[in-house]
Every structure is written in structure tokens, then in C-alpha cells.
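Colleague: This is what each chain is made of:
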Amino acid sequence: MIVGTYILDSLLDTERCGEALGAGLRPGDIVALNGHLGAGKTTFARSLARGFGITRRVTSPTFITVKSYVGERGTFIHCDLYRVDGPQYLRDQGVLDEVEAGAVMVIEWAEKANLFDRADPLVLSFESTSKDGERLVRCEASGRWSWVTPVFERLQRL
Amino acid sequence: MTRAVDRGEIVAVLSVPRKISVLGIETSCDDTAVAVVIDGEVRSSVIVTQQQLHAEFGGVVPELASRAHSQAMTRALRRVLYEANIDPLRDLDGVAVTSGPGLAGSLMVGVAAAKACSLGYGLPLIGVDHMEGHVFGSALEEGLELPALVLLVSGGHSELVMVDEPGHYRFLGGTVDDAAGEAFDKVARMLGLGFPGGPEIEAAAQGGSPDTVAFPRASVASDLDFSFSGVKTAVLRYLQSAPDAKVADVAASFQVAVVDALMIRVKRALDLESVASFAIGGGVAANSLLRERTVELGRDLNLRVNVPSRRYCTDNGAMIAAAGAYHLERGDRSALDLGIDPSAELMVKPA
Chain A
1 MIVGTYILDS LLDTERCGEA LGAGLRPGDI VALNGHLGAG KTTFARSLAR GFGITRRVTS
61 PTFITVKSYV GERGTFIHCD LYRVDGPQYL RDQGVLDEVE AGAVMVIEWA EKANLFDRAD
121 PLVLSFESTS KDGERLVRCE ASGRWSWVTP VFERLQRL
Chain B
1 MTRAVDRGEI VAVLSVPRKI SVLGIETSCD DTAVAVVIDG EVRSSVIVTQ QQLHAEFGGV
61 VPELASRAHS QAMTRALRRV LYEANIDPLR DLDGVAVTSG PGLAGSLMVG VAAAKACSLG
121 YGLPLIGVDH MEGHVFGSAL EEGLELPALV LLVSGGHSEL VMVDEPGHYR FLGGTVDDAA
181 GEAFDKVARM LGLGFPGGPE IEAAAQGGSP DTVAFPRASV ASDLDFSFSG VKTAVLRYLQ
241 SAPDAKVADV AASFQVAVVD ALMIRVKRAL DLESVASFAI GGGVAANSLL RERTVELGRD
301 LNLRVNVPSR RYCTDNGAMI AAAGAYHLER GDRSALDLGI DPSAELMVKP A
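Chains A and B, in that order, are what the protein sequence lines are.
Taking my numbering, the leading residue of the first sequence gets 1, the next gets one more, and so forth.
Taking my numbering, the leading residue of the second sequence gets 1, the next gets one more, and so forth.
Since the hints were made in silico from the structure, they are not lab data.
Glycine included, every Cβ here is placed at the ideal spot set by N, Cα and C.
Each hint should be verified, as a subset may be incorrect.
[What the hints assert, rightly or not] Label-pair ranges, simulated between beta-carbon atoms:
id, chain 1, residue 1, chain 2, residue 2, range
1, A, SER130, B, ARG333, 58 to 66 angstroms
2, A, GLY133, B, ARG333, 46 to 54 angstroms
3, A, ALA23, B, GLU141, 27 to 35 angstroms
4, A, SER130, B, LEU336, 42 to 50 angstroms
5, A, GLY133, B, GLU9, 42 to 50 angstroms
6, B, ASP300, A, ALA101, 52 to 60 angstroms
7, A, GLN88, B, PRO243, 47 to 55 angstroms
8, A, ARG154, B, ARG170, 39 to 47 angstroms
9, A, ARG138, B, GLU9, 53 to 61 angstroms
10, A, ASP9, B, ARG67, 53 to 61 angstroms
11, B, ALA55, A, PRO27, 49 to 57 angstroms
Isolated chain A (complex conformation) (with noise of 0.2 angstroms):
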């Protein structure tokens, strides 16, 4: 288990974040990010693509709730739970499928939603701060993921 809380300075910080964790996401990987309205999940989310390799634009994945993208190292899905019940509608869009089939799972507001038992997921807590651009992370995972704490560990001393 790794638990930890982290500040990214601001949007370039949150980039970078997102940059380094997608590098390092394996196929089946599920991302879960929580927080509030503007708290930077979409933000974070687009950065995580990029650092996966993914070149085509993402955007927010809001109105059609399931947003996919293919790139060279495998498929990236971006999703925002919402309005939807998590597991039950992802199962019936078929991205369950895909995960399980290798694709990496971006899932915004996965506190709305409940996600699955063997999902086993990387859960970011984004909150802002009262300094523009700052954003308090809380990371929670399984000891899999422990080789993110050395990405967060390596901005806190930029």
C-alpha cells in the first residue's frame, strides 16, 4: 500500500506529473482521479496521454463520457463517471472489455462511482490550494504502484 500527499507549484508541475506517470503506465492500468469542478483532472488527465505517447488532442471527455484514443503503445481511454454508474456502464460501453484486453483507463470523478474490485486502480485526489496554480495530490494505490512515489518525491524538490 502507498499513500502519500504532494504539492504540485503549479500547471507546468501538474503537466509534468502526468507526464511522468503516463511513461509509465502498463496496458490494463486503471487511473482513478477525484476532485471538484476545475481541480485540474482534465488538466492532469491530458498530460498523462501525452506521457503515454498518445499525439492526437484530448479533450474533455464530459459530454460523451467515453472518450478513446489509440497511440503507439496501446489504447488510452478517458472517461468522467459523473452522471453514470461506474460499473455497470462501463461494462455496458464495452471498455471493460478494452481494459482487460490491455487498453490504459483514465477515470474522472471514480468516487461517483464505485469502481470494481479488481481494478486494483491508482486513485488521485486533486485539491486546490489558495495559491493559483497550486494543487494538493493524495495518492493511495496497491504496493504495484509503488514506483509512482519517486515521480511525486522527484517535483517536490524541483
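Starting from the known structure of chain A, fit chain B onto it as the hints suggest.
Modeller: This is chain B only, laid out in the frame that chain A set:
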């Protein structure tokens, strides 16, 4: 200030083909919309809205939307054919349907209904891109003189498109994060207003001062791209710092910031492109301030502008029938195994 714009020579006029009659079906989001277009004229149009259904959730709930489409579809079709007073077997030349982009479950209902009509009436089927539909929406009442710059703004999209010739779409810029309509929905939620956010914010802004807060007009790297995530966050921060702020003032300040951001990009695009006209389309094009600004722009630049009636800005079946008529006239057909494409893109977009 009057400024001469580089007026392009009119290469073509995009309008609804005169000799083709089409049933159009649109279910990409939360409106079950069907229409009959006969010889280039909208003969009947029926829109069953689900707004009330989704209002309490502050946005469209996909599962509820597809179920409501299924419930409304048969009645909507019966009514639109009745109002058109036609015999579909004799008077129609085809069935057009939105095949994407949009919500998967909702799109499926429309496509299934279109296939049924195609089979039942023995009519050719044509799948249409929703965004191309919006382009035709701006050409339903008055032909669109090409080359045209079109601003397409809705809950799921914010794009600046050049229509160089009929069927030739060139992406100039678009949102790098949230769509304009999505920003309206999300800010409405922050302000405790209802759904959909566009009309709610417009109504709330009536009594407010747009100069209360200078929200960012969002400048991003590429000159013609939009970003609405920043203004959303700025509203949130403002509300945290000024909990007693008047909703009307914040709504008015936000609305003007979004419209300014859109118009700044439009003017930039007009500086770069040689156009014969400018048009707006999509649900956000129903916003009064954006419509006023568009008319002013046309006057200032001595440029022809198409500002479609509100009923042709928001989702409707007529625009799909019109786009379908265009394709059918060219000989395009979809097979009966036509699928849906929830993230269809009309134009290639750079990263």
C-alpha cells in the same frame, strides 16, 4: 471602427438541395429530433426534449437519455410524418441519421429507427456527422456563401471550421479542454443554477453587470484554439473569495468572458482566411450575446453573416435531413449495417 476584411470571391453557395426530400433523425444527446425536408424546405420538425429528465442531475445521464429516446421515437416519427402531410413511400427520397459524434446509447436508438424506416419504406439510408449537420443548420434558412468561416459551439464541441467548398471542411482551431457549452453547464452548477446552463446563465445575467469580474479570455498557445477550463476555475476561485457575490453579476461577467474569447478567435481567423461569409451554429449559438456580437461583426466588417434561428442552432432533425440530402444528391449511401461512431471527427485535428 470599420475595417475592410479580405472578402473572398464566392465559390459556391451551400444550401439544401431542392430536388431531394429526406426524413432526418437526430438523437446524439438529449433531444429526440426528427424532421421532414421536402424540396429544400423544412416541412415539419418535431423535437422531444429530455431537459426536465436530466435537470435534477445537472447534466445528461446517458442511460436515462437512451431509454427516453426509445420511448419518444415512434411517437415523434408518427407526428413528424403526420404534420408533413406526406406519404413516405411516395414523397421521400431517403432517410438521414446522425451516426456520431454523441452518446453511444442515444446514437444507437436513432440509427436503429433510421434503419427501420429505410427498410420499411424502401428508402436509401445515409449516416451523417452531427457537426456537418450543424454546418447545414446554418444554411437552412439562407444559403451559406462559400468559402465560409463557421463557429460551431455546443455542449460537446467548440470549433472554428473553414468550409472551403461543399463537403470540404478544414479545422482551424478548437477547444483544448472543455467545450463552451460544457463551461456554461459547469459554471451554472457552481452558481446553483439549473440545467442546461446556457439559457440559465443567460437569464441570470440579465440583471447583472458584466464588468463586475474580469474573468480570463483564455489565451492559449495556438492562436485559433480555445480553452474554457481556465475561466471555469477562475469562476470557482472568485466564488470562494467572494461568497456574497451576486449570481447575476458573476453570470454576466462569465458570459461576456466566454463570448469575448470566442469572438477574439473568430476575428483572428478572419484576418488569416479569405472568406465570403461567417456563420454560427450549435446550441451555444442560441446565446443572445453571441448572436448580437456576430451581427455587429458582420456590420463592422461589411461581411455577410448567417445567424440561424435558435431552433436550428440547438439539435434538430432538419439539419440532419439537409446534410443527408446533400450526400444523397451526390450519390452517397450507407449500408444497412451502418454503425455508430461516438467520437467521430469531421476534420483532422492536430494535437
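Colleague: Does each hint hold? Answer for all of them.
Modeller: Taking the hints in turn, this is what the structure says about them:
A hinted range of 58 to 66 angstroms holds for the C-beta pair A:SER130 and B:ARG333, which are about 59 angstroms apart. Between A:GLY133 and B:ARG333 the Cβ separation comes to about 52 angstroms, which falls inside the hinted range of 46 to 54 angstroms. At about 51 angstroms, the CB distance of A:ALA23 to B:GLU141 disagrees with the hint of 27 to 35 angstroms. Here the CB-CB span from A:SER130 to B:LEU336 is close to 59 angstroms, at odds with the stated 42 to 50 angstroms.
Take A:GLY133 and B:GLU9: their Cβ atoms lie about 47 angstroms apart, and the range 42 to 50 angstroms holds. Evaluation of the 52 to 60 angstroms hint for B:ASP300 and A:ALA101 yields a pass: the beta carbon distance comes to about 55 angstroms. For the hinted restraint 47 to 55 angstroms between A:GLN88 and B:PRO243, the CB-CB distance of approximately 38 angstroms leaves it violated. One distance hint, 39 to 47 angstroms for the beta-carbon pair A:ARG154 and B:ARG170, holds here, with the actual separation near 42 angstroms.
A:ARG138 and B:GLU9 have their C-beta atoms about 59 angstroms apart, which keeps the hinted 53 to 61 angstroms range intact. Taking 53 to 61 angstroms as the suggested C-beta distance range, the pair A:ASP9 and B:ARG67 does not conform, at roughly 46 angstroms. For the pair B:ALA55 and A:PRO27, the beta carbons lie near 40 angstroms from each other, so the given range of 49 to 57 angstroms is not met.
This entry does not satisfy hints 3, 4, 7, 10, 11, going by the numbered hints stated previously.
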